[in-house]
Amino acid sequence: MNQIVNDPDYVVEDMLKGFIKANGNLIAATKDDKVLKYVNTPIKEKVGIVTGGGSGHKPAFIGYIGENMCDAVAVGQIFSSPTAKSFYNAMVEADAGRGVACLYGNYAGDNMNVKMAIRRAEKDGITVKTVVANDDCASAPKTEREKRRGVAGEVLMWKVGGAKAAMGADLDAVIAAAQKAIDNTRSVGVGVAPCTIPAVGHANFEIADGTMEVGIGHHGEPGVKVEKLKTADEIAQEMLDIILPDLPFVAGDEVVVLLSGLGATPVMEQYIVYNRVEEILKENGILVYKAYVGNYFTSLDMKGVTLTVMKLDKELKECIDMPADSTGLKQR
Amino acid sequence: MNQIVNDPDYVVEDMLKGFIKANGNLIAATKDDKVLKYVNTPIKEKVGIVTGGGSGHKPAFIGYIGENMCDAVAVGQIFSSPTAKSFYNAMVEADAGRGVACLYGNYAGDNMNVKMAIRRAEKDGITVKTVVANDDCASAPKTEREKRRGVAGEVLMWKVGGAKAAMGADLDAVIAAAQKAIDNTRSVGVGVAPCTIPAVGHANFEIADGTMEVGIGHHGEPGVKVEKLKTADEIAQEMLDIILPDLPFVAGDEVVVLLSGLGATPVMEQYIVYNRVEEILKENGILVYKAYVGNYFTSLDMKGVTLTVMKLDKELKECIDMPADSTGLKQR
Amino acid sequence: MIKDKEAGFVVIDLVKVIRDNKDFLSEIDGKIGDGDHGINMNKGFTLCEEKLKGKEFGLSEGLSALSETLQEDIGGSMGPLYGAFFGEMAFAAKEVISPEVFGEMLGNGIAAIEDIGSAKRGDKTLLDTLLPAKEAYHAALEAGKDFAEALEALKKAALDGWKSTENMIARIGRASRLGERSKGVLDAGATSCYLLLTSMAQSFQRLL
Amino acid sequence: MIKDKEAGFVVIDLVKVIRDNKDFLSEIDGKIGDGDHGINMNKGFTLCEEKLKGKEFGLSEGLSALSETLQEDIGGSMGPLYGAFFGEMAFAAKEVISPEVFGEMLGNGIAAIEDIGSAKRGDKTLLDTLLPAKEAYHAALEAGKDFAEALEALKKAALDGWKSTENMIARIGRASRLGERSKGVLDAGATSCYLLLTSMAQSFQRLL
Ligand SMILES: Nc1ncnc2c1ncn2[C@@H]1O[C@H](COP(=O)(O)OP(=O)(O)O)[C@@H](O)[C@H]1O
Ligand SMILES: Nc1ncnc2c1ncn2[C@@H]1O[C@H](COP(=O)(O)OP(=O)(O)O)[C@@H](O)[C@H]1O
Ligand SMILES: [Mg+2]
Ligand SMILES: [Mg+2]
Ligand SMILES: [Mg+2]
Ligand SMILES: [Mg+2]
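Note that the protein sequences, when read in sequence, are chains S, V, F and L.
Residue numbers are given in numbering that gives the first Met the number 0: position 213 of the first sequence equals residue 212, and the series is strictly consecutive.
Residue numbers are given in numbering that gives the first Met the number 0: position 151 of the second sequence equals residue 150, and the series is strictly consecutive.
Residue numbers are given in numbering that gives the first Met the number 0: position 201 of the third sequence equals residue 200, and the series is strictly consecutive.
Residue numbers are given in numbering that gives the first Met the number 0: position 63 of the fourth sequence equals residue 62, and the series is strictly consecutive.
If you are wondering where the hints come from, they were derived from the structure by calculation, not from laboratory data.
Wrong hints could be hidden among the right ones.
Said to hold, decoys possible - With a straight-line Cα cutoff of 25 Å, these simulated SDA-like cross-link-like pairs (lysine to any residue) come out:
1. V:K146 / F:K15
2. S:K16 / V:R331
3. S:K224 / L:G178
4. F:K15 / V:G200
Bear in mind the structure is a predicted one, so any value in this text is a computation, not a measurement.
Build the full structure now, drawing on both the sequences and the hints.
So, in structure tokens, the structure goes:
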């Protein structure tokens, strides 16, 4: 599959340069070329929101830098955790004296690098607390939730954490809200065509024509099963069959739904799936309070969708309702 | 290539249902199931903005329904003009007594259907004037601009027309602004992988691995040449070599740049191209006043990018600066 | 003698010929267009068939239904063009479809296409099938041929007209931006039009 | 006798072995991981080589540079893990690298990996290459073997340890979500680790 790049080993660097150029109203570079921040960060009296992760997931992670969202983001190579140094630098950039909430996804590399970054930040007197997103139901049984990957649910975690911090909450309250957001969130992905890491130059896994991979990870990690390609309606059903019993979501719940394409999925197909998702939720007595449909968390040029559902309470609703301004999520 | 659909003959219908469900805060259905409108339309004292076109270009066209953008949109089948009836119904929905500006792209079907719709609307006493976008440099020589296709430049035409109408301008002023917008706008597309109409089930054209098609149309219309796949930087140069001399854009100009993916292009690749686009413009003394990078006007699952540049004057700047709220373009 | 109210099946035959050639039409359109001609046409014609199902209808009612469906439900280029074509044909039909009546139906239908689409002969469109077909039909009648023979002449000219589009440069529609590159392939609209005219002539011939 | 300041080339040999096996490492990682192990490693090791270019450096300086580059510029899992490993090795090096000194370097490096990654033997990671290699090395020395022989034992054990990952179920890292499906393929980290240990042992052997 043709890719539009320069040196495949420097796609991240090239992308960052373009991203900074195009979004000067929102995004500022920092002295670490792998750390970007919101132009107004650090924001007085506000808990800093930091995240970071491997690249290839646009708009994640840098697309969620902005007003009432993330303050600073550490950027890794394609599908590879940022360095401890960059996580540390992001924490320093985001800190305004009230501490930093580092909200990231559950991947071995990120866990290690964040841990090392926190050690350094604490030596500087910066308090950092973490929430580790693990919303991907398909990545481990419910009994081993601590092993589950973080996927598109991270967007809702940032939205909630970012809003809570913007309301003036202290670090513990921000962490508690973001943790509640992710605890109330479940996701699953379905892949119908693989992705290609530019420097590798060919897909490292296959999804045969006419088949789909249920539970696929955001880096192409194999899912729980390979099946015959189903219709959009059936895929909606299959994803909800995994998600709904896991929390569980029950009649009377109000939820946010985030349906994301994986990079090469036309938005038309995403809406076709969403149509049935909302119908099924309704049939189960579950009310969609707000829906996000689009490319919110991708995997290079993978084709497929992830479905994320978050159960709301009053606090989460307030956070979801808060306006936000970032390249990936704008809301009034 | 696997697609996530139900009945391939009803993808448009299914998508519309999902789109309405997901975006109830912005979008209202009408009695014509192929016409959607902004929830607050008709807006008192405001010229109505109507557009429409074939489907498969999401967020275009329905994604540009919203505040200070389009009021009502007629929806066609995949890559096929809406019916005259739907264009007419959209005009009726959008009219608030001050007339309707129908801002659409230069395609045979759209031209015919709009013409017939206007005849009907005029019988109802609704004044409709049109601007026909023809920003695609590659689709005909400059001497035959009236033959050129409308492509992603339509987004800027709607932004300008929508803003002007929201400012309270009368129909002639709205039409003049939208016409100026498109007259000041040039686009070109480069395709690196073809698209597949779901009901056809296979790509109707080929782009061999390692090659690219310069000047490709939004429906896969062949471009001006097929070349060896170039680097992102070279592609930026090639697109600007076509666009800049055509208006021409010259040193001292201020411009809006819109770089859109064609559906299956990772946003990362788009930013890699944008990086060089802005550099080249700068080298030519041209200042980027505002940049839009993302999937603004797509062609199903085609892979590639379109580059659009609009030269600004004071009026266009005011219109571009105006806040907007639609699913495809949100701006504060 | 062809009676309007006995010739409703002619429209059903039109639906069939489009359905049978759906993929072929898309394939041709794919070469210099966007590859959807067969889909668009088939969707409209099938929808019309559904509307007519279980009903009694004559030729003009059938053509009217086809025209309405194309115009109201299909859009694209074919909605207005074929919509107007069949609409005018229906309007010009009489209780008895004499050779002269059919000639007028054809003429009015073609005039509507020219009016809406402003294409000319040689622009590589369905007119390049229609115009020679109409002319051959009238010439045959004037030369004293009977209805069936005139229809045979129409078929022959439609075929030649259709084939002639292969070497034309498209000057209107999607393909017109291709210039020289549009040469060497048949026009999609001319193809469907050839199929439709031939089917209609054949259906009529069965009644004669 | 191996002098630290004469053994800088050992690090350059490490860079070479990673570069030569870049695609192989990615391929293995692609089976149950995300297919980038070779890229990540090669990027880090090549960057280190560039930093060292034109400089005079000994073993500990070379390993320090490698550690720093991995930690500061590479990230991923390998940045912290190999970063700490080579960092501790550099720190434990002495002017003369005796068999005992090398044993301590290895031990401290491994301890750092265990500390940061909290993986255990049998979890299908690079520790499954490292731990048996270390044990065999010490056992050989205790059995009275000389440095070169002990390194030979290390190489053999590293090979066996690497191969043993094929039948393990991954219990940590990206592949751990696969459960039974992670069986039947080698671990990527264990593979690069086998290559690195073997290269290092061979380079040392050339000095003995
Ligand atoms: N203005 C016109 N007048 C007559 N025929 C036209 C005109 N524009 C297009 N056509 C015909 O339309 C055909 C294409 O139809 P179709 O593929 O259904 O529509 P679209 O081009 O919108 O995809 C062409 O092959 C040509 O014969
Ligand atoms: N916690 C850990 N401790 C030790 N080794 C680990 C750990 N997590 C992962 N690994 C090793 O990392 C290897 C994968 O490395 P790499 O592909 O570079 O990183 P990533 O998994 O982030 O893409 C695995 O094969 C495994 O040997
Ligand atoms: Mg990785
Ligand atoms: Mg079409
Ligand atoms: Mg077509
Ligand atoms: Mg990996």
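Hints, verified against the model:
no., hint, in the structure
1, V:K146 / F:K15, "35 Å, violated"
2, S:K16 / V:R331, "24 Å, holds"
3, S:K224 / L:G178, "13 Å, holds"
4, F:K15 / V:G200, "22 Å, holds"
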